[in-house]
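Enquirer: So the sequence lines, in the order shown, correspond to chains A and B. Residues in the first sequence are numbered from 66 upward in steps of one, following this note's numbering. Residues in the second sequence are numbered from 4 upward in steps of one, following this note's numbering.
Since the hints were made in silico from the structure, they are not lab data. All of these numbers come straight from a predicted model, not from anything done at the bench. Treat the hints with care, since some could be wrong.
Claimed, not checked - Here are a few chain A residues that face chain B, going by a calculated C-beta distance under 7 Å:
{"no.": "1", "residue": "Pro73"}
{"no.": "2", "residue": "Asn93"}
{"no.": "3", "residue": "Gly118"}
{"no.": "4", "residue": "Phe155"}
{"no.": "5", "residue": "Gly167"}
Said to hold, decoys possible - The calculated label-pair distances, taken between Cβ atoms and stated as ranges, are:
{"no.": "6", "chain 1": "A", "residue 1": "Thr177", "chain 2": "B", "residue 2": "Asn30", "range": "29 to 35 Å"}
{"no.": "7", "chain 1": "A", "residue 1": "Val115", "chain 2": "B", "residue 2": "Gly19", "range": "41 to 47 Å"}
{"no.": "8", "chain 1": "B", "residue 1": "Asn60", "chain 2": "A", "residue 2": "Lys74", "range": "32 to 38 Å"}
{"no.": "9", "chain 1": "A", "residue 1": "Thr135", "chain 2": "B", "residue 2": "Ser77", "range": "37 to 43 Å"}
{"no.": "10", "chain 1": "A", "residue 1": "Thr160", "chain 2": "B", "residue 2": "Leu14", "range": "30 to 36 Å"}
As the list claims (entries may be wrong) - Calculated lysine to any residue pairs in the SDA-like style (CA-CA distance at most 25 Å, straight line):
{"no.": "11", "chain 1": "B", "residue 1": "Lys59", "chain 2": "B", "residue 2": "Glu45"}
{"no.": "12", "chain 1": "B", "residue 1": "Lys40", "chain 2": "A", "residue 2": "Thr169"}
{"no.": "13", "chain 1": "B", "residue 1": "Lys40", "chain 2": "A", "residue 2": "Asp103"}
{"no.": "14", "chain 1": "B", "residue 1": "Lys8", "chain 2": "A", "residue 2": "Pro126"}
{"no.": "15", "chain 1": "B", "residue 1": "Lys8", "chain 2": "B", "residue 2": "Pro115"}
{"no.": "16", "chain 1": "B", "residue 1": "Lys8", "chain 2": "A", "residue 2": "Gln150"}
Glycine included, every Cβ here is placed at the ideal spot set by N, Cα and C.
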Amino acid sequence: NAGVTQTPKFQVLKTGQSMTLQCAQDMNHEYMSWYRQDPGMGLRLIHYSVGAGITDQGEVPNGYNVSRSTTEDFPLRLLSAAPSQTSVYFCASRTTSKQGAGYTFGSGTRLTVV
Amino acid sequence: DQQVKQNSPSLSVQEGRISILNCDYTNSMFDYFLWYKKYPAEGPTFLISISSIKDKNEDGRFTVFLNKSAKHLSLHIVPSQPGDSAVYFCAASAGNFNKFYFGSGTKLNVKP
Chain A
66 NAGVTQTPKF QVLKTGQSMT LQCAQDMNHE YMSWYRQDPG MGLRLIHYSV GAGITDQGEV
126 PNGYNVSRST TEDFPLRLLS AAPSQTSVYF CASRTTSKQG AGYTFGSGTR LTVV
Chain B
4 DQQVKQNSPS LSVQEGRISI LNCDYTNSMF DYFLWYKKYP AEGPTFLISI SSIKDKNEDG
64 RFTVFLNKSA KHLSLHIVPS QPGDSAVYFC AASAGNFNKF YFGSGTKLNV KP
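All chains should be modelled from the sequences, with the hints used to inform the complete structure.
Expert: Okay, here's the thing in structure tokens:
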């Protein structure tokens, strides 16, 4: 059981480049989400999904796109990277069958935009 | 403006003593709270939760207390162990388990 797998672990982008951060979970969790962690700010929710075909915005969605075509995968796309998107990105999932269940987080992707 | 605040960036405690990590929130609609622990280069791991219908929840060495009138919660670790050294985040949601708001974290150092 791998849990939540994020790839890549590290990435350096130039301003204006695009890329996709991958997230996959093998726990059949309905809910998946993306957070970014910045110094002094904690984790902030970017986008989330409660099932295949359903996505919604979180606290800081601008500059990011998501889609959920399968239960297992929830990729995060940066269409035109900006230095302000330099951050550590975490993907998280949870089951919705147990109310209040905590998230399972991936190990993170450290992104630097130069 | 952050709705969940952890005002102590760091805390140092001797092994065997109690660690108390604090968290304040501003949104009176928050009704569910979580604590996570995070080691370097890893994702956060779920530790303990509490609903607003309770004022205390225990799980082994970890106890979370909720004071709704003060909009304050705390995590007690007794006894503290060196393996507890990590960053601790509190998080809150308002009737919606899909959106949690996190504090900025407190780095706990437990000295042997």
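Enquirer: Look at each hint and say if it fits the structure.
Expert: Verification of the supplied hints:
Hint status for Pro73 of chain A relative to chain B: violated, with the closest Cβ pair at about 14 Å, above 7 Å. About 17 Å separates the beta-carbon of Asn93 of chain A from the nearest beta-carbon of chain B, more than 7 Å, and the hint is not met. Evaluation of the Gly118 of chain A hint against chain B yields a violated restraint, the C-beta minimum of about 15 Å exceeding 7 Å. Evaluation of the Phe155 of chain A hint against chain B yields a held restraint, the C-beta minimum of about 5 Å falling below 7 Å.
Nearest Cβ of chain B to the Cβ of Gly167 of chain A: about 3 Å, under the 7 Å cut. The hint holds. Hint check: Thr177 of chain A to Asn30 of chain B, Cβ distance near 33 Å, so the stated range 29 to 35 Å holds. Range check, Val115 of chain A to Gly19 of chain B: about 44 Å between beta-carbon atoms, so the 41 to 47 Å window is met. Between Asn60 of chain B and Lys74 of chain A the C-beta distance comes to about 34 Å, which sits within the given range of 32 to 38 Å.
For Thr135 of chain A and Ser77 of chain B, the Cβ-Cβ distance of about 40 Å falls inside the hinted range of 37 to 43 Å, so the restraint holds. At roughly 32 Å, the beta-carbon separation of Thr160 of chain A and Leu14 of chain B lies within the given 30 to 36 Å, and the hint holds. Taking the CA atoms of Lys59 of chain B and Glu45 of chain B, the gap is about 28 Å. The hint is violated against a cut of 25 Å. Among the hinted pairs, Lys40 of chain B with Thr169 of chain A is consistent with the structure: their alpha-carbon atoms are about 12 Å apart, no more than 25 Å.
Proximity of Lys40 of chain B to Asp103 of chain A is assessed by CA-CA distance (about 16 Å); at most 25 Å being required, the pair is judged to hold. Distance hint between Lys8 of chain B and Pro126 of chain A is fulfilled; the C-alpha atoms sit about 21 Å from each other, no more than 25 Å. Under the criterion of a C-alpha separation no larger than 25 Å, the hint pairing Lys8 of chain B with Pro115 of chain B is inconsistent with the structure, at around 29 Å. Distance hint between Lys8 of chain B and Gln150 of chain A is fulfilled; the C-alpha atoms sit about 23 Å from each other, no more than 25 Å.
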